[in-house]
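Using the sequences and the hints given, assemble the complete structure.
Number of protein chains: 2
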Amino acid sequence: MLKFELKKESTEDNKGAEQCRARLGSITTDHGVIDTPIFMPVGTVGSVKALSVEDLDHCKAKIILGNTYHLYLRPGMDVIEHMQGLHDFIRWKKPILTDSGGYQFFSLARLAKFSDEGVAFQSHIDGSRHVFSPEKAIDIQLTLGSDIMMSLDWCIGYPAGEKEVMEALNKTTRWANRGFDAWQEKGAVNNLFGIVQGGMFKSLRSLSADQLTEIDFPGFAIGGLSVGEPKALMYEMADHTLPLLPRHKPRYIMGVGTPEDLVELTRMGCDMFDCVMPTRNARNGQLFTSKGTLNIANAKYRLDKNPLDAECNCYTCTHYSRSYLRHLYKAREILSYRLNTIHNIYYYMDLMEKMRNAIAADRFFEFRQAFYVKRQNDPREGVSE
Amino acid sequence: MLKFELKKESTEDNKGAEQCRARLGSITTDHGVIDTPIFMPVGTVGSVKALSVEDLDHCKAKIILGNTYHLYLRPGMDVIEHMQGLHDFIRWKKPILTDSGGYQFFSLARLAKFSDEGVAFQSHIDGSRHVFSPEKAIDIQLTLGSDIMMSLDWCIGYPAGEKEVMEALNKTTRWANRGFDAWQEKGAVNNLFGIVQGGMFKSLRSLSADQLTEIDFPGFAIGGLSVGEPKALMYEMADHTLPLLPRHKPRYIMGVGTPEDLVELTRMGCDMFDCVMPTRNARNGQLFTSKGTLNIANAKYRLDKNPLDAECNCYTCTHYSRSYLRHLYKAREILSYRLNTIHNIYYYMDLMEKMRNAIAADRFFEFRQAFYVKRQNDPREGVSE
Chain A
343 MLKFELKKES TEDNKGAEQC RARLGSITTD HGVIDTPIFM PVGTVGSVKA LSVEDLDHCK
403 AKIILGNTYH LYLRPGMDVI EHMQGLHDFI RWKKPILTDS GGYQFFSLAR LAKFSDEGVA
463 FQSHIDGSRH VFSPEKAIDI QLTLGSDIMM SLDWCIGYPA GEKEVMEALN KTTRWANRGF
523 DAWQEKGAVN NLFGIVQGGM FKSLRSLSAD QLTEIDFPGF AIGGLSVGEP KALMYEMADH
583 TLPLLPRHKP RYIMGVGTPE DLVELTRMGC DMFDCVMPTR NARNGQLFTS KGTLNIANAK
643 YRLDKNPLDA ECNCYTCTHY SRSYLRHLYK AREILSYRLN TIHNIYYYMD LMEKMRNAIA
703 ADRFFEFRQA FYVKRQNDPR EGVSE
Chain B
343 MLKFELKKES TEDNKGAEQC RARLGSITTD HGVIDTPIFM PVGTVGSVKA LSVEDLDHCK
403 AKIILGNTYH LYLRPGMDVI EHMQGLHDFI RWKKPILTDS GGYQFFSLAR LAKFSDEGVA
463 FQSHIDGSRH VFSPEKAIDI QLTLGSDIMM SLDWCIGYPA GEKEVMEALN KTTRWANRGF
523 DAWQEKGAVN NLFGIVQGGM FKSLRSLSAD QLTEIDFPGF AIGGLSVGEP KALMYEMADH
583 TLPLLPRHKP RYIMGVGTPE DLVELTRMGC DMFDCVMPTR NARNGQLFTS KGTLNIANAK
643 YRLDKNPLDA ECNCYTCTHY SRSYLRHLYK AREILSYRLN TIHNIYYYMD LMEKMRNAIA
703 ADRFFEFRQA FYVKRQNDPR EGVSE
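Protein sequence lines, in the order shown, are assigned to chains A and B. For the first sequence, my numbering begins at 343 and goes up steadily by one. For the second sequence, my numbering begins at 343 and goes up steadily by one.
Worth double-checking, as some hints may not be accurate.
If chains are identical, the list can't say which one is meant, so a pair holds when it fits in one copy or spans any two.
Straight-line Cα separation of at most 27 Å, DSSO-like style, residue types lysine-lysine; simulated pairs [stated by the list, open to error]: (1) K513 / K349; (2) K349 / K633; (3) K349 / K642; (4) K716 / K528; (5) K647 / K435; (6) K455 / K505; (7) K478 / K672; (8) K436 / K647; (9) K455 / K513; (10) K513 / K350; (11) K435 / K672; (12) K350 / K672; (13) K672 / K633; (14) K357 / K478.
Since the hints were made in silico from the structure, they are not lab data.
In structure tokens:
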């Protein structure tokens with residue numbers, strides 16, 4: 343059973359212009375302790391793409407995310423059950439968080455049909471038909487053995503009208519109650535988080551938070567962000583919703599974001615993040631550095647003997663030149679995907695560690711200022727280059 | 343400058359049926375010592391596909407091969423020159439052998455036109471036009487900084503008539519002389535091997551060996567095998583040609599082969615091998631084990647908790663189940679390519695080590711017998727499963 347210790351709440355202000363609501367905490371699970379705020383690399387289908395578990399250790403990853411929808415379809419739950427859970431199957435000894443499938447029904451599954459009962463859908467792999475319910479999402483995640491399970495939610499896109507958002511919100515609440523009850527009946531092993539929806543309406547975010555926090559989940563997530571809305575609107579919704587969540591429980595914003603997003607949302611008091619951006623962008627040659635985002639395909643790196651980021655201590659930066667990394671990327675060598683991914687994940691984990699240190703030292707705004715000056719861009723302007 | 347020490351010549355016979363002509367030796371280069379017989383993993387374009395240099399160390403690789411044709415086209419010689427050679431560029435500290443491009447003109451380049459002068463061809467990547475000559479092949483390999491360079495040869499396919507083979511053979515000899523002279527003029531740094539051609543005609547293999555061995559190359563290779571001919575014919579040509587090469591110089595058969603080929607050709611006295619089979623097959627899910635070849639995609643491995651090969655000490659076999667490896671392969675996860683390749687390269691390197699030990703102990707035929715019984719197949723029957 344999860345224990346969340348709130349170690350510090352920042353009281354910094356930025357010369358009166360902004361409050362820092364960043365928090366320091368620790369989450370204790372059966373598979374170890376996680377210092378928050380934390381970023382969780384995404385291991386969709388039983389592997390953080392291109393990395394081994396030793397690579398993840400090198401990158402200082404402390405918890406990874408698995409996608410229930412993907413794992414349910416492949417390898418399938420009989421395999422996971424036979425192999426005694428996801429940890430043993432993939433050889434990851436530290437905590438795992440699994441989502442509920444809700445986001446994939448929204449984004450990936452074919453012909454998803456939502457009813458009060460659950461979701462009927464066709465596999466994006468082979469078109470086979472399946473049904474998920476809030477109870478089944480719990481069953482599957484118990485089989486996976488996730489340290490943190492997520493309640494089945496109804497995620498909607500942007501833009502969406504108030505009526506549509508309200509319907510999804512209400513269904514999410516009913517499903518959260520059913521999932522919570524199913525979890526309790528199964529002995530309340532591991533942990534289950536509820537997910538707040540409410541689209542881009544503050545009033546509906548408040549309503550959803552009210553409904554969800556009536557349920558005694560060990561932690562809460564904010565879902566339905568980063569679904570196509572403008573960045574400023576995402577920040578506005580997060581800023582509005584985070585304070586509505588219980589102070590002494592972890593707060594997790596799902597599927598977000600850029601390095602700048604992590605900085606801004608940490609300032610607002612978010613404790614947990616996940617996003618495919620560091621892994622996916624790595625495979626597309628987009629590498630995060632202390633000086634901004636670097637496109638390794640760029641011809642200017644052809645003869646460049648420097649590391650990707652002179653300030654980075656990752657395996658890639660301490661061993662390889664930009665010239666070689668560009669060559670591997672252009673030649674589509676498999677090693678390219680691994681080296682790039684190691685760097686990006688390390689960068690994200692390192693950024694979180696630096697933020698934790700800055701919060702501890704009451705120097706969060708000083709850190710943020712230096713971060714933006716170095717990255718030579720602004721969160722509202724998008725990435726450089 | 344290369345030093346080849348011939349440490350032992352086997353005198354075993356297989357109850358009178360076969361002679362063992364296997365040799366033990368060591369090749370000393372500027373980048374270290376290689377015990378022979380040795381297998382050289384292929385790092386075509388600056389990376390043994392899917393592996394880092396640390397992975398290669400784990401696999402006990404002592405020398406790798408780079409393809410001159412590929413590296414010349416990408417990243418290009420200005421990059422290699424700027425990065426001070428291939429070793430520094432790819433961070434591999436041990437010996438490198440580079441081929442001359444001859445095989446790629448035969449197999450890969452577009453519209454290759456052979457003349458006495460050299461080969462005019464178009465890049466398989468972008469169609470750009472280039473010309474290679476024996477002298478240029480030396481220049482490029484000197485820039486690469488290969489410990490062992492190969493003379494430009496004219497490789498032909500199977501079947502080929504005697505006249506065609508003779509023409510290629512004669513051109514190969516003239517080019518070998520020109521390449522050798524160019525190498526001498528450049529100070530005879532590093533090492534240059536000559537390549538025996540002669541198609542599937544024993545008389546022409548003899549003629550080519552006679553012509554080539556008149557040149558004082560530090561080592562000799564047999565080219566133009568494994569170009570589509572039946573296995574028995576390949577063995578016949580190798581068996582005929584290997585004894586024609588100087589006893590106190592390394593003998594290298596290019597582009598061969600299966601584990602069974604390595605065993606048979608080692609018995610015939612070959613010292614060096616390279617082949618894309620362990621790396622390419624790994625990426626296609628074909629894994630070499632002590633009990634034969636295993637297709638990891640097979641449904642029977644779905645719930646299999648065993649390692650690929652219980653006798654193998656590689657990272658993959660000591661850490662992962664067949665069930666997980668099958669899943670990674672079916673899901674086309676990048677980690678699959680790396681784990682499979684680590685195993686196959688380790689298997690090849692381990693096989694060579696076991697053969698060296700068997701030769702040292704005068705137990706080569708005993709080793710071979712056990713090898714075939716376990717692999718449950720015969721070199722003339724192809725791989726199992």
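Hints, verified against the model:
no.: 1; hint: K513 / K349; in the structure: neither (35 Å within a copy, 78 Å between copies)
no.: 2; hint: K349 / K633; in the structure: neither (31 Å within a copy, 56 Å between copies)
no.: 3; hint: K349 / K642; in the structure: neither (46 Å within a copy, 50 Å between copies)
no.: 4; hint: K716 / K528; in the structure: neither (50 Å within a copy, 48 Å between copies)
no.: 5; hint: K647 / K435; in the structure: between (37 Å within a copy, 17 Å between copies)
no.: 6; hint: K455 / K505; in the structure: within (18 Å within a copy, 71 Å between copies)
no.: 7; hint: K478 / K672; in the structure: between (44 Å within a copy, 25 Å between copies)
no.: 8; hint: K436 / K647; in the structure: between (36 Å within a copy, 21 Å between copies)
no.: 9; hint: K455 / K513; in the structure: within (13 Å within a copy, 70 Å between copies)
no.: 10; hint: K513 / K350; in the structure: neither (35 Å within a copy, 79 Å between copies)
no.: 11; hint: K435 / K672; in the structure: between (35 Å within a copy, 24 Å between copies)
no.: 12; hint: K350 / K672; in the structure: neither (46 Å within a copy, 45 Å between copies)
no.: 13; hint: K672 / K633; in the structure: within (23 Å within a copy, 38 Å between copies)
no.: 14; hint: K357 / K478; in the structure: neither (50 Å within a copy, 67 Å between copies)
Hints 1, 2, 3, 4, 10, 12 and 14, counting from the list given before, are not met by this structure.
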